[in-house]
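S.K.: Read off the chains here:
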Amino acid sequence: MILIAHGIASRADLPIPEWLFAWAAAMVLIVSFIGLAVLWPQPKLQDGGWRPLPRALGRVLTSRPVEILCGAIGIALLVLVVYAGLAGVQSSSANFAPTFVYVVFWLGLVPLSVLFGDVFRAFNPWRALARGIAWLAKIPARGELPKPLPYPERLGYWPAAVGLICFAALELVATGRSKPENIAIATLVYSAATFVAMALYGVEAWCRRGEAFSVYFNLFSRMSVFERRDGALGLRKPLSGLPAFEPGPGIVAVLAVMIGAVTFDGAAEAPIWSRAAVDIADFFGDLGLSPAHALEAAFAIGLALGVLLVAGLYWLGTLGARSVGGGFGARELRWSFVHTLVPIALAYVAAHYFTLLLFQSQALAFLASDPLGDGSDLFGTADRGIDYTLIGSTATWYWQVAFVVGGHVMGLMLAHDRALVMYERPRQAVLSQCWMLLVMVLFTCLALWLLSQANA
Amino acid sequence: MIYVAHAGHWITTVAYFLPVIAFLAWLAVAQVRERRRNRG
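These protein sequence lines map, in sequence, to chains Y and X.
Each step along the first sequence adds one to the number in the working numbering, with nothing skipped, and position 215 is 215.
Each step along the second sequence adds one to the number in the working numbering, with nothing skipped, and position 3 is 1003.
Fair warning: there could be bad hints in the mix.
[Stated by the list, open to error] Taking CB as the label site, the calculated pair distances span:
#1 Y:Glu332 <-> X:Ile1011: 12 to 22 Å
#2 X:Leu1027 <-> Y:Asp286: 37 to 47 Å
#3 X:Val1014 <-> Y:Phe195: 48 to 58 Å
#4 Y:Ile34 <-> X:Ile1011: 23 to 33 Å
#5 Y:Gly380 <-> X:Ile1011: 52 to 62 Å
#6 X:Leu1024 <-> Y:Arg154: 27 to 37 Å
#7 X:Val1014 <-> Y:Leu289: 29 to 39 Å
#8 Y:Ile272 <-> X:Glu1034: 50 to 60 Å
#9 Y:Leu149 <-> X:Leu1024: 42 to 52 Å
#10 Y:Pro52 <-> X:Arg1035: 49 to 59 Å
#11 Y:Pro54 <-> X:Leu1018: 47 to 57 Å
#12 Y:Gly325 <-> X:Trp1010: 14 to 24 Å
[Said to hold, decoys possible] Examples of chain X residues toward chain Y, derived with CB under 7 Å:
#13 Thr1012
#14 Ala1015
#15 Tyr1016
#16 Phe1017
#17 Pro1019
#18 Ile1021
#19 Phe1023
#20 Val1032
It should be emphasised that the hints constitute simulated quantities derived from the structure, not laboratory data.
Quick reminder that beta carbons are idealized off the backbone N, C-alpha and C, glycines included.
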């Protein structure tokens, strides 16, 4: 079942070996790079060209009742996850919490953000609750509440990076990752930490830089054509939200976790990791850890290596770009091009979890009727199943290759556009982008190798 | 010896990353030429 859900059934009918797809993908990137150098002489994405939607539609979508309704839905789902996790049957497939958190929330919101903009901001239960509490607290206070502390600049996006790595560790490292009770407890702990941080630094400031999921989904939403600006909803050029992103300390770590966690999840299915994990777990077992904890330690090392690998490759790419001159500092280059990693993160998530989302999201039909797994049938859909014939393994592979190539071409476009703004000499801009192209080709080949390992 | 005998296990992995190796080699040569040109 899980094998099919991950789309790793055999792909015997491909016309060419899988590794040749990596060569073809690399060629597509190189041709795209040449095309960009020749046909894209001026920056096009730095100015989003935002224009408002028809007034009535924009006004309805950004109205206070819609905002309150979305927030209430978010809070209700948060409560349901915690309640189902604590009170429901402790089965990952029969309980609402695991599927909702790992599939619908974590994966499903990614395409929704890319298509419709920052959807999570509207449904964010922590933001909605904190704003509701602040509004209520103003009534007895008869006016304004004390101002929050200024958000420390040096903290930057580090809290978000820590939050994301903790979530990735829960999903990929913890042996009790699928136990609904553990998910509920983790949700409560994260909620408490978030409310404390929001009380200290303010709701919006924390959501902008510190709250892990707000930062995560906001980055993807910047690829969307929809953007809310000064309370009005409007349209902008595709991808143009990313160059406008304000980088800060910890942002490379956020992107490295986003890509590195998927990298590790893919590598964890490779035979080479299976053998290494046993050896590492044996080492920790010899130190006195229980078998479960020894395995967790091995997987934690694997996750850390995945994140460090991605951060290291990006760092090397920017170091190479620095070597062509232009007078830019290493950090300036890292921050200037970090937004180009967002489409790559999307490519990794889409390619790796495409079938999991497609199949496992169907479980919502029966989980909505029976969220606790106690045999109830609230909406008459408790007997629904999952249709695993929606897509075959060969078609899945082609989609995965398309996601990987498409994501990296978008990354190249963003990098090229930024280079045109930064470098005075076009030749220097192109040479600097050769290093970014190398990073993109490397990430592409790595992504396809990881996907192929799932079939090994 | 054992690596040669089991080449089938790792050679496909190398095949995946050949474009990266080839591109890196080209880039290194291009950069050296560029530097020489700038000096000249």
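S.K.: Compare the structure with each hint and give your call.
M.R.: The hints, checked one at a time:
no. : hint                               : in the structure
1   : Y:Glu332 <-> X:Ile1011: 12 to 22 Å : violated, 41 Å
2   : X:Leu1027 <-> Y:Asp286: 37 to 47 Å : holds, 44 Å
3   : X:Val1014 <-> Y:Phe195: 48 to 58 Å : holds, 51 Å
4   : Y:Ile34 <-> X:Ile1011: 23 to 33 Å  : holds, 30 Å
5   : Y:Gly380 <-> X:Ile1011: 52 to 62 Å : holds, 55 Å
6   : X:Leu1024 <-> Y:Arg154: 27 to 37 Å : holds, 35 Å
7   : X:Val1014 <-> Y:Leu289: 29 to 39 Å : holds, 35 Å
8   : Y:Ile272 <-> X:Glu1034: 50 to 60 Å : violated, 37 Å
9   : Y:Leu149 <-> X:Leu1024: 42 to 52 Å : holds, 47 Å
10  : Y:Pro52 <-> X:Arg1035: 49 to 59 Å  : holds, 50 Å
11  : Y:Pro54 <-> X:Leu1018: 47 to 57 Å  : holds, 52 Å
12  : Y:Gly325 <-> X:Trp1010: 14 to 24 Å : violated, 38 Å
13  : Thr1012                            : holds, 5 Å
14  : Ala1015                            : holds, 4 Å
15  : Tyr1016                            : holds, 4 Å
16  : Phe1017                            : holds, 5 Å
17  : Pro1019                            : holds, 4 Å
18  : Ile1021                            : violated, 10 Å
19  : Phe1023                            : holds, 6 Å
20  : Val1032                            : violated, 11 Å
The earlier numbered hints that this structure contradicts are 1, 8, 12, 18, 20.
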